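Visitor: Take the sequence shown: its position 105, counting from 1, is numbered 105 in our numbering, and each next residue is one higher.
The set of hints was computed from the structure by calculation and includes no laboratory data.
There may be inaccurate statements among the hints.
As the list claims (entries may be wrong) - Restricting the straight-line Cα-Cα distance to at most 25 angstroms, the calculated cross-link-like pairs of lysine-lysine (PhoX-like) are: (1) LYS153 to LYS273; (2) LYS153 to LYS192; (3) LYS169 to LYS192; (4) LYS247 to LYS153; (5) LYS273 to LYS192; (6) LYS169 to LYS247.
To be verified - Computed spacing ranges between beta-carbons, pair by pair: (7) THR138 to VAL109: 31 to 39 angstroms; (8) GLY226 to ALA267: 24 to 32 angstroms; (9) GLU242 to ARG106: 46 to 54 angstroms; (10) GLY279 to VAL109: 36 to 44 angstroms; (11) ARG106 to ALA205: 39 to 47 angstroms.
Small disclaimer: the values here were computed from a predicted structure and weren't measured.
Built from N, CA and C at the ideal position, the CB exists for glycine as well.
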Amino acid sequence: MSQGNLPAPAAPPASHPRLAALVERARQRAGAAQPTIGLVHPGDALAMEAASRIAAAGIARPVLVGERATIERAADAAQVDAGRFEIVDTPASPPEAAARAVALARDGVLGALMKGSLHTDELMSAVVRRDAGLRTDTRISHAFVFDLPRYPKLLALADCVVNIAPDLKTKRDILGSSVRLLQRALEIARPKVGIVAAVETVNPAIPATLDAQALVQMAREGHFHGALVEGPFGFDNAFSAEAARIKRIDSQVAGDADLLLMPDLNASNMLYKSFIYVGGGDCAGVVQGARVPVVITSRADSVASRIASVALAMLAMPDGDGR
1 MSQGNLPAPA
11 APPASHPRLA
21 ALVERARQRA
31 GAAQPTIGLV
41 HPGDALAMEA
51 ASRIAAAGIA
61 RPVLVGERAT
71 IERAADAAQV
81 DAGRFEIVDT
91 PASPPEAAAR
101 AVALARDGVL
111 GALMKGSLHT
121 DELMSAVVRR
131 DAGLRTDTRI
141 SHAFVFDLPR
151 YPKLLALADC
161 VVNIAPDLKT
171 KRDILGSSVR
181 LLQRALEIAR
191 PKVGIVAAVE
201 TVNPAIPATL
211 DAQALVQMAR
221 EGHFHGALVE
231 GPFGFDNAFS
241 AEAARIKRID
251 SQVAGDADLL
261 LMPDLNASNM
271 LYKSFIYVGG
281 GDCAGVVQGA
291 RVPVVITSRA
301 DSVASRIASV
311 ALAMLAMPDG
321 DGR
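Throw the hints in and build the complete structure from the sequences for me.
Guide: Put into structure tokens, the structure is as follows:
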């Protein structure tokens, strides 16, 4: 099956209409001059299928960065015509493909990057190298945007992937990057942010509640681009206005949050997987804090999630980048 004979591009199912709308917005924004995304070391059938579906969805133009022979074998395995794509030929080593892709992104040739069949750390180590040109003064972090059947709008969650035990400074960067993502990609002028901890009261024995208190004060001082930031919340009263009412929490955020900032990777990663496997949700995710968005989907992610993640990355780019 060639790329031209693929079925209609995979979109999130009817139960995830908000992600479908996100993909459609990215398609409309892309227009004829589609932004470029570098698919780094697409050395297996799954990566080549992703490239084909991204192109078919009309949200970006995939540029394949890796050894040509490896890419062509992967394309054959996926029954995709590799000749339909621009290929940047590199040595077979995944780190060399990553280094080349990062250089192309630094030079403005690529507007975003996406993990192919290399390991996440092989791509991210190239992205964060101080001499590579993509690193900024902001801490690298990751944000998911979830479409949940029992929530009235898209809900972002950060950081579920990168930062293991973020301190206050790191949380400040995660929050700032995530707010900018919501403002740019989702067009939410004043995102509502809930800082989640084990409890909804400040307790010196629980450092996450002290961090929440400090972040709320930073927001009052104007550090987060006009976002409304409240916390600490327990997850129940961040997610449910009724739970907040029962606990007599007076909040503009409870039950209506656009973003939940989590205390650490253990809590956030378990909640992310619960949203998917228990809550019936699906999501788009992007690495933030570098000069270009980076997509690092997992093999376990649905095809719809992969497409939505690229759409989110495209919408996160400033106008004119990577075109």
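Visitor: Now tell me if each hint is right for this structure.
Guide: Verification of the supplied hints:
Pair hint LYS153 plus LYS273 holds up; C-alpha atoms about 19 angstroms apart against a cutoff of 25 angstroms. Proposed proximity of LYS153 and LYS192 is supported: the alpha carbons are some 12 angstroms apart, at most 25 angstroms. At most 25 angstroms may separate the alpha-carbon atoms for a hinted pair to count; LYS169 and LYS192 meet this at roughly 20 angstroms. Restraint check for LYS247 and LYS153: the C-alpha separation of about 23 angstroms stays at or below 25 angstroms, so the hint holds.
Taking the CA atoms of LYS273 and LYS192, the gap is about 23 angstroms. The hint holds against a cut of 25 angstroms. At roughly 30 angstroms between alpha-carbon atoms, LYS169 and LYS247 are farther apart than 25 angstroms, so this suggested pair is violated. The hinted window of 31 to 39 angstroms between THR138 and VAL109 is violated, with their beta carbons roughly 23 angstroms apart. One distance hint, 24 to 32 angstroms for the beta-carbon pair GLY226 and ALA267, holds here, with the actual separation near 27 angstroms.
Look at GLU242 against ARG106: about 49 angstroms separates their beta carbons, and that is inside 46 to 54 angstroms. Checked against the hint of 36 to 44 angstroms, the C-beta distance between GLY279 and VAL109 comes to roughly 39 angstroms, which is consistent with it. Taking the beta carbon of each, ARG106 and ALA205 are about 45 angstroms apart, inside 39 to 47 angstroms as hinted.
The structure is inconsistent with the numbered hints 6, 7, although it conforms to all the rest.
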